[in-house]
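Engineer: In order, the protein sequences belong to chains Z and F. Just so we're aligned, residue 1 is where the first sequence starts under our numbering, counting upward by one. Just so we're aligned, residue 1 is where the second sequence starts under our numbering, counting upward by one.
Fair warning: there could be bad hints in the mix.
[To be verified] Simulated coverage check for chain F against chain Z, where a stretch passes if three residues somewhere in it have a Cβ under 8 Å from a Cβ of chain Z:
(1) 186 to 193
(2) 231 to 240
[To be verified] Anything over 12 Å on all C-beta distances counts as not near chain F; from chain Z, calculated:
(3) Ser51
(4) Pro72
(5) Arg78
(6) Ala82
(7) Pro90
(8) Ala157
(9) Met201
(10) Ile220
(11) Gly240
Keep in mind the hints are simulated off the structure, nothing from the lab. Note that the structure is a prediction, hence the values are computed from the model and not measured. Positions of the beta carbon are idealized from the N, C-alpha and C atoms, including for glycine.
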Amino acid sequence: MNDFLNIDEVRMRFGGLDALAGVSFAVEPGAVVGLIGPNGSGKTTLMNVISGVLQPTGGTVTFKGTRIADVPTHAVCRLGIARTFQVVKPFANLTVRENVAVGAMFGRAGRQRSTRASFERAQELLESVGLERVATRPASDLTIPDRKRLEVAKALALDPEVLLLDEVMAGLNATEVEAALELLREINRRGVTLIVVEHLMRAIMSISTHVVVLAEGRKIAAGSPAEVVRSPAVIEAYLGTRFAKRTAGEARP
Amino acid sequence: MTAGGMQRIGLGGITGDPRALAVSAAILLLFVFVPLLHNSYIENLCRGILMFATLSCGWNLIGGYAGYVSFGNVVFFGIGAYTTTMLWQHAHQQNLLLAVGLAMLIAALFALVLGVPILRLRGHYFAIATLGIALATAEIIAHFDWFGGGSGFPVRQLEWFSIYYYAMWIVCVASFAAAFAIARSKFGYGLTAIRENEEAAAVLGVDATRFKVAAWMVSAAMAAAAGAIFAGANGFIDSPTAFGLDDNVNPIVMALLGGVGTVAGPFVGALILTAINETLWSHFPQVHTLFFGAVIVLVVMFLPRGLLWLLGANTGWRGLAAALRMYRV
């Protein structure tokens with residue numbers, strides 16, 4: 001427990017399915033938390049709960065003393081929590097720059113920004129994610145990797161303290177992954193706490209300071225990247241029981 | 001950043017194509033000279049264009065910008081018409097400015113009271129709810145004698161008849177100026193974001209319910225102002241006149257024809273549709289509604305987003321060819 005971001009016994013039930021069956025962990029300010037787990041383990045559901053898009057059926061998420069569930073979705077970003085969507089949601093008929101400017105207008109610092117200042121801020125962010133060359137194209141023209149970049153720029157436009165990134169590196173090639181990691185490190189250096197959901201193990205292990213592993217809606221391991229990769233529960237969840245026994249056997253002598 | 005950098009580039013957008021906007025604004029300003037022609041047919045026709053352009057401009061804020069298709073905006077037009085009528089009937093008050101101001105206020109409050117519950121509905125449900133409200137309001141008014149019941153009330157006209165034309169022109173210019181200002185403001189960007197993806201807009205901090213209700217209130221005020229002037233110019237109001245099907249459907253078709261979600265679209269649509277309607281009416285009086293219906297069907301089939309959306313990054317013949325390909329003509 002800490003007084004920054006606390007996920008406490010969060011449960012989410014969809015019909016007869018427990019997407020989350022009581023997940024708890026605390027996020028330290030300035031951390032990079034990697035959230036991993038097999039498909040269907042509840043990562044995106046947890047992101048939806050933390051960002052206030054879904055109301056949990058049990059447990060609470062508290063950010064600096066405010067329960068996220070008590071705040072309407074549109075006000076969560078003003079608390080300082082921003083997110084990207086795994087299935088990207090660009091405003092297709094707006095230009096790339098306008099997409100980002102909307103975030104700059106209504107986010108945490110939006111009230112102090114004029115429309116013009118919001119556009120200037122959007123342009124800066126597009127440069128930092130490498131989208132300045134397509135700033136005036138409609139968002140519907142973007143390729144999938146560029147749409148992922150746009151999601152990041154939109155979330156950054158909210159001036160977040162905590163940024164939730166849901167598979168922003170999916171579909172990127174090795175060079176692009178390196179660039180994306182460098183961008184995330186730079187964002188983190190500026191003081192933004194990151195919670196990263198990603199399938200690329202090498203990427204997530206290299207950037208995270210702390211890793212939380214979910215499987216079937218439960219937290220099965222947590223700790224530093226090095227600790228987590230050695231955890232038998234994690235190996236079992238990812239590679240199956242037989243493989244876990246074998247690696248355990250090899251490790252013993 | 002350059003001025004051009006702030007502008008819409010490429011497809012569609014917040015204010016729409018700047019050339020279309022400039023030409024429309026010039027035509028709209030020239031409309032002020034129409035009464036000097038001293039031709040009552042042309043004056044009535046042009047007042048109709050201004051009225052429908054205003055209604056369409058108001059509808060476009062909620063239907064085009066926020067993407068919430070309202071089939072009930074005629075309610076606000078009717079409220080406007082009845083405000084003038086009631087002021088004359090029950091208070092012997094002919095002050096046009098008072099009627100317009102009061103009508104705008106009542107309609108905006110009505111939109112606020114209705115909007116808070118029904119703007120939570122999305123898509124078709126909102127459209128159906130607004131249609132229900134339009135039909136119910138017309139029925140209720142027709143059953144109260146205080147409102148003139150089924151037979152309606154006459155409205156005493158002002159001596160200087162062209163005042164109704166000038167008033168309609170002012171309301172129309174003010175409506176389009178307001179739409180232009182809204183389209184370039186944070187409010188306009190918020191509405192457009194709601195239309196494009198309401199969930200993504202909420203995550204970016206847009207308070208969707210508040211924005212939609214506010215847009216509908218502005219929309220209502222525009223329709224009510226037009227209705228208040230119409231009542232005076234028409235000289236008689238009953239429920240079918242104030243809540244007419246034409247006054248409900250035409251503004252929507254005009255916005256669709258001209259370009260939904262663009263500032264100039266409703267005006268362009270009002271000009272073209274009125275021209276088509278008048279031509280059909282004078283040449284084919286018996287079957288003109290049939291042709292009119294066919295025009296509506298063609299517009300929806302081939303220009304679902306309106307003429308002004310054809311003026312994008314591709315212009316001229318090349319743009320037209322691209323658009324024709326896009327619509328698989």
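Engineer: Hints the structure violates: just list their numbers, smallest first.
Structural biologist: 2, 3, 4, 5, 6, 7 and 8
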